[in-house]
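Chains as they are written, first to last, in numbering that gives the first Met the number 0: chain Y, 0 to 221; chain V, 0 to 221; chain G, 0 to 221; chain U, 0 to 221.
Quick caveat, the hints were computed from the structure, so don't treat them as lab data.
Hints may contain errors.
In this list, chains with the same sequence are indistinguishable; a pair is considered to hold if it fits within one copy or across any two.
[Claimed, not checked] For lysine to aspartate or glutamate, the following EDC-like pairs were computed, each having C-alpha atoms within a straight-line distance of at most 20 Å:
#: 1; residue 1: K60; residue 2: D49
#: 2; residue 1: K153; residue 2: E86
#: 3; residue 1: K120; residue 2: D42
#: 4; residue 1: K120; residue 2: E152
4 protein chains.
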Amino acid sequence: MRKDNTYNKIAGHDTGRIIAISDGVFGVALTLLVLEIRIPFMDSIRSEQDLIAAFLALKSKFLVYLLAFMTTGIFWVGHSSQYKYIEGSDRNLNWINLLFLLSVTMLPFTTAFLGDYTHFKFPIAVYWLNIFLMGTMLYINWAYACRHHFVDEKVRAVVDIPLRRRIITAQSLYLSGALLCFISPLLSIAFIILVQLNYAFAFLSQRKRGSGTAIPEEDVIP
Amino acid sequence: MRKDNTYNKIAGHDTGRIIAISDGVFGVALTLLVLEIRIPFMDSIRSEQDLIAAFLALKSKFLVYLLAFMTTGIFWVGHSSQYKYIEGSDRNLNWINLLFLLSVTMLPFTTAFLGDYTHFKFPIAVYWLNIFLMGTMLYINWAYACRHHFVDEKVRAVVDIPLRRRIITAQSLYLSGALLCFISPLLSIAFIILVQLNYAFAFLSQRKRGSGTAIPEEDVIP
Amino acid sequence: MRKDNTYNKIAGHDTGRIIAISDGVFGVALTLLVLEIRIPFMDSIRSEQDLIAAFLALKSKFLVYLLAFMTTGIFWVGHSSQYKYIEGSDRNLNWINLLFLLSVTMLPFTTAFLGDYTHFKFPIAVYWLNIFLMGTMLYINWAYACRHHFVDEKVRAVVDIPLRRRIITAQSLYLSGALLCFISPLLSIAFIILVQLNYAFAFLSQRKRGSGTAIPEEDVIP
Amino acid sequence: MRKDNTYNKIAGHDTGRIIAISDGVFGVALTLLVLEIRIPFMDSIRSEQDLIAAFLALKSKFLVYLLAFMTTGIFWVGHSSQYKYIEGSDRNLNWINLLFLLSVTMLPFTTAFLGDYTHFKFPIAVYWLNIFLMGTMLYINWAYACRHHFVDEKVRAVVDIPLRRRIITAQSLYLSGALLCFISPLLSIAFIILVQLNYAFAFLSQRKRGSGTAIPEEDVIP
Chain Y
0 MRKDNTYNKI
10 AGHDTGRIIA
20 ISDGVFGVAL
30 TLLVLEIRIP
40 FMDSIRSEQD
50 LIAAFLALKS
60 KFLVYLLAFM
70 TTGIFWVGHS
80 SQYKYIEGSD
90 RNLNWINLLF
100 LLSVTMLPFT
110 TAFLGDYTHF
120 KFPIAVYWLN
130 IFLMGTMLYI
140 NWAYACRHHF
150 VDEKVRAVVD
160 IPLRRRIITA
170 QSLYLSGALL
180 CFISPLLSIA
190 FIILVQLNYA
200 FAFLSQRKRG
210 SGTAIPEEDV
220 IP
Chain V
0 MRKDNTYNKI
10 AGHDTGRIIA
20 ISDGVFGVAL
30 TLLVLEIRIP
40 FMDSIRSEQD
50 LIAAFLALKS
60 KFLVYLLAFM
70 TTGIFWVGHS
80 SQYKYIEGSD
90 RNLNWINLLF
100 LLSVTMLPFT
110 TAFLGDYTHF
120 KFPIAVYWLN
130 IFLMGTMLYI
140 NWAYACRHHF
150 VDEKVRAVVD
160 IPLRRRIITA
170 QSLYLSGALL
180 CFISPLLSIA
190 FIILVQLNYA
200 FAFLSQRKRG
210 SGTAIPEEDV
220 IP
Chain G
0 MRKDNTYNKI
10 AGHDTGRIIA
20 ISDGVFGVAL
30 TLLVLEIRIP
40 FMDSIRSEQD
50 LIAAFLALKS
60 KFLVYLLAFM
70 TTGIFWVGHS
80 SQYKYIEGSD
90 RNLNWINLLF
100 LLSVTMLPFT
110 TAFLGDYTHF
120 KFPIAVYWLN
130 IFLMGTMLYI
140 NWAYACRHHF
150 VDEKVRAVVD
160 IPLRRRIITA
170 QSLYLSGALL
180 CFISPLLSIA
190 FIILVQLNYA
200 FAFLSQRKRG
210 SGTAIPEEDV
220 IP
Chain U
0 MRKDNTYNKI
10 AGHDTGRIIA
20 ISDGVFGVAL
30 TLLVLEIRIP
40 FMDSIRSEQD
50 LIAAFLALKS
60 KFLVYLLAFM
70 TTGIFWVGHS
80 SQYKYIEGSD
90 RNLNWINLLF
100 LLSVTMLPFT
110 TAFLGDYTHF
120 KFPIAVYWLN
130 IFLMGTMLYI
140 NWAYACRHHF
150 VDEKVRAVVD
160 IPLRRRIITA
170 QSLYLSGALL
180 CFISPLLSIA
190 FIILVQLNYA
200 FAFLSQRKRG
210 SGTAIPEEDV
220 IP
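Pulled out of the complex, with its shape left as it was, chain Y reads as follows:
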């Protein structure tokens, strides 16, 4: 493997652009979510009580907003975890990452769809499919990066198993949650939200542990 300077300049790809486009997409996605919450019309509001009632009527919109923000955040953290270890890229990794981003940009749609039809089974299937695609692309992303030696061998030896296990565990939980819709759609949604809350708020319990002298398992999650 010849490694003169010219060769390095041609074949040496860093992950800077992948990370930049991903943070761009995530940043826009996170910010656009709030646009779905519309301010109540002024015409029907006459008293402080009317206004509070109109505001509280938006509560399902706020829930959907929180859910979508949390899901987007979970996968942003997962993406960050992987690219902390991935030290190079090629054209294919660019496309695998773009397909991951494709599923990220779908989330505002599928979450809103879920929020509008909370008593139906079909939106849960659509929402689950979206999360499944995100998880699958993240898994492929990691597997491809490992197979093509973009992850340091010693680092990979430590993080590979827990990272893959976390994706598979999370996806199993999401699938179980989705299947609960045959009992009750609302139960299904509640379960999915609980799984997500576990990722977002786990830090409350982990805070007490000290500051990472060992490699924390929670650090290799998608």
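Take the given structure of chain Y and dock chains V, G and U to it, following the hints.
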């Protein structure tokens, strides 16, 4: 605390991704605000005077726009100040920062809500709650970073007290402003705007001081 | 060519800002595309079957979304490929890149136009013109960077010919596809989609080749 | 001026965050502009001729789009030019830059306002005021950075005069253009567009000069 190369690659997290996603969210939030100002309809405009009148009728929209831009700017500066000193991160700091960004993305909604209902008390409570959440998350962000040794000890010794004091002072002023709504909602809004203007335009008076040979206290504000 | 420190500070331009503004534009463009897909109205939906039917009626919107995402992705990858080799910039390269971004920001419009009028020839001409402008600006971008010595001579010797050939080949295919509209607009669209799929999914077949010990030709595509 | 390590960590601010938030705002602004162009309604379109006519009816929208893109681009290039030389920042420069970005985010509104009322004088005044604010903030930005020693003295000696002269010349031309509205609003718009085209396409004539062995004056423009 073993520190070989592999360990560093696994446990060494920089703050690059946190800063990138934050600047993405702030950049989008700042730019979306203007979309709330709608150009007056052409049908009713027949003369230069009609057009000027239609434009001036938008003045409350412009005020809301300026207010929202200023608030977003204040917290962007505060965020920048903290991450200038924070030299590392972990999964929890990622989530603390995401919750901070959640409150940032709410601002366009709560500011517009305030702008549409300037004579009511309830929107002031909502707006204050939003600013309170932003301040609280920034405070937690700093406290967490300090407790987990992501801030250099010598740097922390100098900036910790003024930084915390500034958040608490600002939040006390915002709370006082919000409570003024029981006298008059407009007085309350005016007071909040004045507190914000103080952060945004304080630089006019500080300009004369010279160029920072001591550590300027205004540098550690949220 | 005098090269003291002051001179370098004045004339030495890196490509950081060009890459940052480009990733910003691409990130926003990729994320905005989904906003075109509107959630079906609740009023007419009474059963699970109604909802599935309403969802499936959106299928052309999803196709347009995928097409636009793929086109944007192809040109982002092409842009990344060039700026991996371009090591400097000047004012003119800034403007060439801005004109490239202008054509990128047009894509959401021209793709939606194509999606709404799939049985007409004119939208195909408009869409083709957009792709032609993007390809042309990327070609000019590369030619300008080479002529003004922003690409290392040894690197250029290897990547110049394949990079230019790929742009010309791709553009010839797009032109052929566009001309097919005189036989049938749908045939024309299908052909353009196939050309694009070739760029997006070529990685499936290339995966087997190993991990880039030679300079892969697919690495110098726009 | 004591310069131990702790001091540097506290007082040493780079311009990374300012550049990141600016590229975020510019990237979003550039991409949002196209959303103003609406695809013609399907109901009234029956033939290829109908469609072409409906498309051509959008021509003023396209002109406004090009104008807004060009203006945004000009000020992005100007901003890049300055921050190439500015090597540090403080809280005040953060706020000066935010106020500059405030005027940048206004542009989509003022340009659309101009595009909708091309036969009136008032929108020209509003549009001119916007450009004037952008130019003024860029001028203050540079002046502040120089006065507070964020620009290397030797670099400043070379670029200061031409950079300031270029802002003043450009602003004089814009003012002259705006005043032409008392003869004819359309003449005024045409003149402003010509001034802007001069910045955007000047590179066509400068290309012949060679590749920057002297410090090119066009490099220090806003």
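So, going through the hints one by one against the coordinates:
Only within a single protomer do K60 and D49 lie at most 20 Å apart by alpha-carbon distance; the minimum there is 18 Å, versus 23 Å between protomers. Only within a single protomer do K153 and E86 lie at most 20 Å apart by alpha-carbon distance; the minimum there is 13 Å, versus 25 Å between protomers. Within a single copy, K120 and D42 get their C-alpha atoms only as close as 36 Å, which misses the 20 Å cut-off; across copies the closest is 18 Å, which meets it. Taking the shortest Cα distances, K120 and E152 never come within 20 Å of each other, neither inside one copy (44 Å) nor across copies (54 Å).
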